[in-house]
Amino acid sequence: MELLIFYMFAIVSVAFAIFMIVARKPVSSAISLIGVMFCLAVFYVLLNAHLIAALQILVYAGAIMVLFLFVIMLLNLREKQGAISYHRTALQLAGVAVFCALLVPFMSMVTIPGTSGGAGVSADFGTTAGVGKLLYTDFLLPFEIASILLLAALVGAVALTKLKMK
Amino acid sequence: MASIPVPDISLGAIAPEITLALTAVVALMLEVFAEKKGRDHIAYISLVGVIVACFITFRLAGDPSWTTFSGLYVVDRFGQFFKLICLLGTGMTILVSVKYNKDEGIDNGEYYALLLFATSGMLFMVSGSDMITIFMGLEVMSISLYALAGYTRKRARSNEASVKYFILGSLSTAFLLYGIALIYGSTGSTQIDIIAKAVSSGSGVEAVLDLGIVMLMIGFAFKVSAVPFHMWTPDVYQGAPTPVTAFMSAGPKAAAFAAFFRVFNVAFPSLQADWWVIIWILAVATMTVGNVIALLQNDVKRMLAYSSIAHAGYILVGFVAGGALGSSAIMYYMLVYTFMNIGAFAIVTVVGRKGEEKTKFSDFTGLGYRYPLMAVALVIFLFSLAGIPPTAGFVGKFYIFMAALKHGYVYLAVIGVVNSVISIFYYLRLSVMMYMQDEPGEDLPPLVFAPSLIAVMIVAIYGSLWLGIMPAGYISFAQSAFLAL
Amino acid sequence: MLTINHFLALSAILFVIGVVGVLTRRNVIVIMMCIELMLNAVNLTFISFAYYLGDMTGHVFVFMVMAVAAAEAAVGLAIVMALFRNRETVDVDRVSLLKH
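Residue numbers (the working numbering), protein chains in the order written: chain E, 2 to 167; chain B, 3 to 487; chain S, 1081 to 1180.
Isolated chain E (complex conformation) (with noise of 0.2 Å):
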């Protein structure tokens, strides 16, 4: 059941991907990457990883995504009307082919000692109280960090978009 899971979504999230960077228009291609990330929430539900599959949702596909499709609405971008261009995706696609063929074997050759299927985890493993007491204890650290980070990207933003300019 799982396994059938895995492959239906997999094929699907692999479709979306690669239609994104085939795609001629800005917008397909955030579309497509919105799909992706649903399907990825998908296998964090799987993986047991409940926290991450919300924010998943809430933050990649739905804070994340509308800023770059607003961005995309406001620029008010034109790509050149026409048929895809077929050279380019078969480069695309072979350039995919060619280095997943060189990348994809190393992932067959993982083993996990001792533990099969993630059996042994606790029962607040991946839920918001689990990672939630992580992030206040023993990583207190890059918690900081990223406020300080979120900080700096707001300044940055507002600096680069301000309109006046002395």
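These aren't lab readings, by the way, just hints derived from the structure by calculation. Since the model is a prediction, treat every value here as computed from it, not as a measurement. Any given hint could turn out to be false.
[As the list claims (entries may be wrong)] Pairs of lysine to any residue, SDA-like flavour, derived with a Cα cap of 25 Å:
1) B/Lys156 / E/Leu141
2) B/Lys156 / S/Phe1164
3) E/Lys26 / E/Ala55
4) B/Lys199 / B/Ala275
5) E/Lys163 / B/Lys199
6) E/Lys163 / B/Gly107
7) E/Lys163 / S/Thr1104
8) E/Lys26 / E/Met66
9) E/Lys134 / B/Leu432
10) E/Lys134 / S/Ala1150
[As the list claims (entries may be wrong)] Pulled a few chain E residues facing chain S out of the computed Cβ check, cut under 7 Å:
11) Met2
12) Pro27
13) Val43
14) Tyr45
15) Leu48
16) Ala130
17) Gly133
18) Ala147
19) Gly157
20) Ala158
[As the list claims (entries may be wrong)] Calculated Cβ distances over 12 Å to all of chain S for the following chain B residues:
21) Val34
22) Leu273
23) Ile417
The C-beta atom is built at its ideal place from N, Cα and C for all residues, glycine as well.
Starting from the known structure of chain E, arrange chains B and S on it as the hints suggest.
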């Protein structure tokens, strides 16, 4: 409700970072609430913040090494030394920026806030003993730098620099992150000393670990602009506002090297026999490509960009040599490089007058007659970059090549020396240019020497000369810093 | 049976698609999306390792990567806006003032 045990947290350890972040917030507040004209005081307040952070860092450096935040952050002399280099770079950059910002109409508040945020990111990065701290520090630094590179947003070249920097920078982040993920998977931890244990006990050694290390290396090679991952450097250095270029060439590079060095020497010393070959090739390629292409440049900023690539190559030589000698040579060289490089960029901002950047070689002709003192200062910086005695650059290079020789990398040292000889040509070319008679043409307004620029030049001359004449104290400080690692 | 190798292979494929996208597309916004795809692929790697190792560090890392992705998107899109205002283009090939 079960109580949550709180791990050992020492805010004192991150006091320098906290100081910088708070100063940045103060700078932002001043931009909003202070009166409109004459906001130079924001620069000086930021400078005070940097000096306070320096002082705290110096106080922390005395202690033996200890970790806090559940092993995510380490306080040791190695880190503190690099922190001082980063803070020195920031302090000098602030002084270089004062007049430039006034001429270009740059809003001070956000500018200095971003500089300080970037610096706090660097400090986290050099003291991170866990991949997550190093990664977050790196990102705080990079994101602030992307914004700073495009800060003069009305200038198309600045836009272009920030676009290129952003795309290649975030691409390298993705590679770095994939490397971290694979290392995490094959060793079960992101903490570098636990990774080291897993790697040396052989429990984590598999093909994926090697792949992860290669990805991590690609990510770091981008950040330190090692060939063949250097493509962004010339464009970004040329297009960014000159003080920002000066900043990028010193602190962030030192921080990236510190993290690179720490990760590879703490987490993967047992695999050193495998990775030194890759670093060896990177070092040779970086030195040679940087120097040869620098010969062909006609723009001073671009020439200095290629020269900074070549200097990254020399530092990689020290990296290959490794050990106490190699690491102290890297530290000393990074310190010297900060002085001489920011000094050179300070003069580039003086020559570029209000509203325009004059960075062609031809803009420098005749300066030797009209501004003899400034020309002498630039000659000192260029000679130091070229490694001509008695400057500090010579001592730095000498130590790096000695370290390589002592550890048996004879070819590497020879290639390094040949490269420094090549580099003399282009540094001399600019020096000679200044003492050529300039064509009587348009009457340019005289150059303006703001007090802040004179201060930064004096600091830079002190660094480039005094560290060359009396290097012993600094070198023994650097050596003691490695032993504590 | 569903193993970690399935997830790792999938994330490797997504990562590669992202890399190829960055290398072949010319539109800055699409390139940024490709980088987001690469980060997502890395997140999948982290989460699957975390599950099979029974260790939540991977979750914390993904949490941080999300914060970083949000920050990068904000600054990156601001850079694109500034570029577009000056040059009326988001094509990286037409952005080439900087030559020696």
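We went through each hint and held it up to the structure:
1. Taking the CA atoms of B/Lys156 and E/Leu141, the gap is near 40 Å; set against the 25 Å cutoff, the hint is violated.
2. For the proposed pair B/Lys156 and S/Phe1164, the alpha carbon gap of about 11 Å is at most 25 Å, so the pair holds.
3. Pair hint E/Lys26 plus E/Ala55 does not hold up; C-alpha atoms about 29 Å apart against a cutoff of 25 Å.
4. Note on B/Lys199 and B/Ala275: the hinted pairing holds, with a Cα-Cα distance of about 17 Å set against a maximum of 25 Å.
5. For a cut-off of 25 Å, the pair hint linking E/Lys163 to B/Lys199 is broken: about 50 Å separates their Cα positions.
6. Proximity of E/Lys163 to B/Gly107 is assessed by CA-CA distance (about 13 Å); at most 25 Å being required, the pair is judged to hold.
7. About 32 Å separates the Cα atoms of E/Lys163 and S/Thr1104, which puts this hinted pair outside 25 Å; it is violated.
8. Among the hinted pairs, E/Lys26 with E/Met66 is consistent with the structure: their alpha-carbon atoms are about 15 Å apart, no more than 25 Å.
9. In summary, the hint linking E/Lys134 to B/Leu432 is not supported, as the alpha carbons are separated by about 59 Å, beyond the 25 Å threshold.
10. Restraint check for E/Lys134 and S/Ala1150: the C-alpha separation of about 23 Å stays at or below 25 Å, so the hint holds.
11. Given hint, E/Met2 at the interface with chain S, is violated; its Cβ is 9 Å from that chain's nearest Cβ, farther than 7 Å.
12. Hint on E/Pro27 holds. Least Cβ distance to chain S is approximately 5 Å, under the 7 Å limit.
13. Using the Cβ-Cβ criterion of 7 Å, the hint placing E/Val43 at the interface with chain S is not satisfied: the shortest such distance is roughly 11 Å.
14. With 7 Å as the threshold, the beta carbon of E/Tyr45 comes within range of chain S, its nearest partner Cβ sitting at about 6 Å, so the hint holds.
15. Nearest Cβ of chain S to the Cβ of E/Leu48: about 4 Å, under the 7 Å cut. The hint holds.
16. Checking E/Ala130 against chain S by beta carbon gives a least distance of about 11 Å; that is not within 7 Å, so the hint is violated.
17. For E/Gly133, the interface hint is violated, since its Cβ never comes within 7 Å of a Cβ in chain S; the closest pair sits about 10 Å apart.
18. Because the smallest distance between the Cβ of E/Ala147 and any Cβ of chain S comes to about 5 Å, under 7 Å, the interface hint for this residue holds.
19. For E/Gly157, the shortest C-beta to C-beta distance to chain S is roughly 5 Å, which falls under 7 Å, so the interface hint holds.
20. Checking E/Ala158 against chain S: minimum C-beta separation of about 4 Å stays under 7 Å; hint holds.
21. Distance check on B/Val34: its Cβ is at least 19 Å (rounded) from any Cβ of chain S, clearing the 12 Å threshold; non-interface status holds.
22. For B/Leu273, the condition that its CB be more than 12 Å from all CB atoms of chain S holds, with the nearest at approximately 20 Å.
23. Distance to chain S confirms B/Ile417 as a non-interface residue, since its nearest Cβ pair spans about 25 Å, more than 12 Å.
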